[in-house]
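Chains as they are written, first to last, in the working numbering: chain A, 1 to 168; chain B, 1 to 168.
Treat the hints with care, as some may be off.
Treat identical chains as interchangeable: a pair holds within one or across any two.
Within a straight-line C-alpha distance of at most 25 Å, the following computed DMTMM-like cross-link-like pairs (lysine to aspartate or glutamate) qualify [unchecked claim]: (1) K102 to E10; (2) K67 to D115; (3) K102 to D88; (4) K58 to D88; (5) K107 to E84; (6) K58 to E123; (7) K107 to D157; (8) K67 to E79; (9) K107 to E79; (10) K67 to D151; (11) K102 to D151; (12) K107 to D40; (13) K74 to E123; (14) K58 to E22; (15) K58 to E41; (16) K85 to D138; (17) K102 to E41; (18) K107 to E10; (19) K58 to D31; (20) K107 to D88; (21) K102 to E84.
It is worth saying that the hints were derived from the structure and are not from the lab.
Chain residues, written in single-letter form:
2 protein chains.
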Amino acid sequence: MQPRKKPRSECPAARTLESVGEYWSILILRDAFQGFTRFDEFRRSLGIAPNILTRRLKHLTAQGLFKRRIYHRKPDWYEYVLTEKGRDFFPVVIAMFAWGNKHLAAKGASLLMADRASSRGVEPVMVAAGTLAPITLDNVVLVPGPRASRDVHRRLDAMRALRPHATV
Amino acid sequence: MQPRKKPRSECPAARTLESVGEYWSILILRDAFQGFTRFDEFRRSLGIAPNILTRRLKHLTAQGLFKRRIYHRKPDWYEYVLTEKGRDFFPVVIAMFAWGNKHLAAKGASLLMADRASSRGVEPVMVAAGTLAPITLDNVVLVPGPRASRDVHRRLDAMRALRPHATV
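Take these sequences, add in the hints, and give me the full structure.
Listed below in structure tokens is the structure:
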């Protein structure tokens, strides 16, 4: 599904896509965030073919986003419970949710997010922890981390030489 | 690439995946956020086959995330400039970036984000606009929007009846 000719990407966004960047995987996680844990819950919710669902659940478990837990003996039935790594994927789905409502719901939203306690609508925004300043294309920049290869340094130097982001 | 048997999904996260939920599309956007606009810049950066790159750029332009702009006459060469809709996709890539660095860089990060002015490291966090309270699995809930179908209402009722999110 994902291209794997090259060595593991150094960009963390690309790694994320290599790990869970697949249509069904992300929708399975979306449903898990809504409390679903069982094969049949996912299958009914997604209308997904059982063999594909089996494969994606196995993959997400192998990647450490789900942990299997037995909930019925003889026959043994397992449910798929989000790990901390899986729960931490929530902001990715939230960001997609917000973008979808802003740009793909011209006739009005079908689903919105609300604060669980106050029931007030919640509009997600990405900020920097600490300063709480919004993160925008204009105020952040990529810098090499401790494991940056020579290639990453070269890329970042090339980027600095580029014209700034143009918009229309 | 994306399943399109069903009518357009009512979930905005699913719609987003239907619109740009594809490995290369998201990496093309990632590179556009770094200032790339030209076919050869994307091709060299991604090591992507030209026919696939052509198809993905065409798709992202048709979806309104890029606008073509001529930058050379005879022959006419176009560059791909992010629209507001395209720029607004930035938080999705940021969220993937942060997750990748947290969970897929056990030996240390190759790339980090920093504030452009202060050069200080930036750790992204998703908060609610207005209150600036972090958005977590435990404090937000889905509610029907103005265009919610009967099916959405049914799903939300079923979710409310579910056990709360379990973790391991």
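Going through the numbered hints above, which ones does this structure break? Give me the numbers in ascending order. 2, 6, 9, 10, 12, 13, 17
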